[in-house]
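Residue strings, one per chain:
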Amino acid sequence: MLFNSLHFLVFLPVVFLLYWQLASKKLQYQHLLLLAAGYYFYGCWDPRFLLLLFFSTALDYFSGKQIAAAATKTSKRTWLWISIGINVGFLGFFKYYNFFIESFATLLGSWSLHTDPWLLNIILPVGISFYTFHGLSYVLDIYHERIQPTTNFLQYAVFISFFPLLVAGPIERANHLLPQLSTTQQFNTAKMKDGLRQILWGFFKKIVIADSCAAYVNMAFNDPAAFNGSSLALAVFFFAMQIYGDFSGYSDIAIGTARLFGFDVKKNFAYPYFSRDIAEFWRRWHISLSTWFRDYVYIPLGGSRGSRWLSIRNIFIIFLLSGFWHGANVTFIIWGGLHAVYFLPLFLFNTNRQHMHIVAEGKAWPGIKDAAKILITFLLVCFAWIFFRANNLQVAGVFIQQMFSASLFEMPDRSMLPLSVFVMIGLFLLIEWKGRQHLYAIEKMCLQYSIYIRWAWYYAILAAIIYFSGQGQSFIYFQF
Amino acid sequence: MKKLLSKILLFLLPLLIIVATAELLLRQMPNEYKLKKNLLEKHAQSTELLCLGSSHSYYNINPVYFNIPAFNAAHSSQTVNYDWFLLRKYHDSFINLRYILLPISYQSLFEKLDDAAESWRIKNYKLYYNIHENNYLPYNFEVLSMAPRFNISRLVNYYCRQQYSPGVNELGYATSYQSTVKNDLEKMGREAAARNYFKNNNHFKENLGYLQKIINWATERKIQVILFTSPAVESYRQNRDTNQVNQSYKAIEQLVKNNPLVSYHNFIDSPDFTADDFYDGDHLNEIGAKKFTFTLNDLIKK
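Line by line, the protein sequences give chains L and U. Anchor point for the first sequence: position 190 equals 190 in the working numbering, and the numbering is continuous, going up by one each time. Anchor point for the second sequence: position 259 equals 1259 in the working numbering, and the numbering is continuous, going up by one each time.
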């Protein structure tokens, strides 16, 4: 079930009403309802994988208990590795099996050893990367004694299958969400209104920005040779807007929906395109994933505490892993590698923590220096997006070759100049800039005005959503 | 909670009113499905030759040029299941029917409207032909079947600018593909071939089943079923997937062998059609349609 479907438009109010009318009295009822909603939500995509979801839940719950109860360090570690092995095994099988088999066959082929690789027609269970990471963080936190295991299986099952976060995150941590699940949620009007506002803004990002850009992006990446350099440059800009609108829009809808049920979920995006360097970009882009890798991979590897070379190795590991997490394709690995290369000078010159606060805090506009830094960072990010979006290295190669040709300075193709999309992107960036100090851009916007102005503002957003809807695009991060 | 819910409802009320009004206005507007339904009901009893199928019939066959009373009941993207549903719905009316013309195009046996890119067209069969074979709720409404901006543009064009052209002649032929429009045939042929390529053959058996139903119905009434593949430009022909083409030919060959009243005629690379006859890669313009209808007419006479 997609957030941007009629199915969800019916599903959400039904679950909401049942939750606050029938289940509001008792914690167990709330859990049962959320569990049923989560399994229904997931089962709508492919009911066969409900078993996998349940197995993953049971495995991590049981492993967590065993780790906490283990008398010796060896026994603790054994249970941890059992959990990691099975979780990563599933992820590896569904997501990377064919990639590894094909790569191995190619490698053998390069040594003149021709094989017929045994490829499988594997369907990737939606959201497997997300709920696997949910579960892994739980057992790892127990292992490192940051949390105590829950004794309530139902509560843990809701933590894993909580439908707003189930298929594309944000990747929540047990120490943040589980305590919220241990108390009965109380209806809070202000929280509900806030949730609805965030959902509205999420839909705007997804439908008005991301879906509108998708057609132009697809056109250019399907046949880059047919476009001149400036059109391809525009296509990369559109993709930058598309992926941000798509994923941060999804996150806004997810976080807003969680708020409707009384839960606070950590933010996943914080205006990444206003970053002044790559380090800041990664503190603002897909925060739940980058902090996950930081806490569970980078720091255990030694982080930046060891020698220079060790730290550089760790940086590359974390970025390459982050790229690989997105999918079994060399293009994602190159995307991750490029970001590592971008990040390296900042690390070497110790300037990676230079920009910890939002740009031009308390000011209307950035200074020239900050504006230039934002632009350079954005261009670097855009260049890397080419690899992220291209279906394979060959397409990426043609794209870059064609883009950086003399035709970069020609007028873009007319088909790549949609006026309404430019207007919407311009307005969107302006609103994002104005609201950059808040959790989401329209969080506090117009709240100081009367109900008429506020409603007119919401109607304007809604009208744009309705006008641009119907382009039928799925969420990009579902495939990861 | 009640206060919040009433506020949400109050907020959404104007929107619901607008949506309901738009639905009413859209249903009041004339459209090709409504028009063709009325024309079909008017001509069904006298029709001796019925054209079914997709745009390869709709734009390529102008019944005006047949020697016998004919009607074109094809629609864009109409797949073989909807050919059958239409035939079944009006089966009592076709009292003089002698021939059924049905295109077997590159995608015909692989595509099903229900999951095709233009599946929104199902709402036209539901709302205007009263054919309810698909249970997807949004297809019961104009406003929910198409992107709002298209509906807004339809409403503005019809009610504000008073622009409407039926685009269909009295015998159901689509008149909108005119020779005055010059398209890049090579490019459009390539694009159409890519568009009509199917990675899987999930609907192949099912479509053959519907085709057999049409044939059985026709055989019972001694009606001849003439299957044909209409002309297409070279880039379309060359860019078709050989497996998909061969699979179709093989199945059709079998159908013709097993059913004496069925014949198949392939005009895809007919030398009689030049670039001037085409509107795009796989559709004829009005000149080509006239030529093609004469060709089919000669075939029937023989």
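Incorrect hints may appear among the rest.
As the list claims (entries may be wrong) - Dumping the calculated SDA-like pairs for lysine to any residue here, alpha-carbon to alpha-carbon at most 25 Å:
1. LYS25(L) x PRO179(L)
2. LYS1199(U) x ASN392(L)
3. LYS1007(U) x SER5(L)
4. LYS1199(U) x TRP45(L)
5. LYS1042(U) x TYR1129(U)
6. LYS1003(U) x ILE453(L)
7. LYS193(L) x ASN392(L)
Hints are computed from structural coordinates only; laboratory data are not their basis.
Exercise. Which hint numbers doesn't this structure obey?
Worked result: Violated hint (a single one): 7; every other hint is consistent with the structure.
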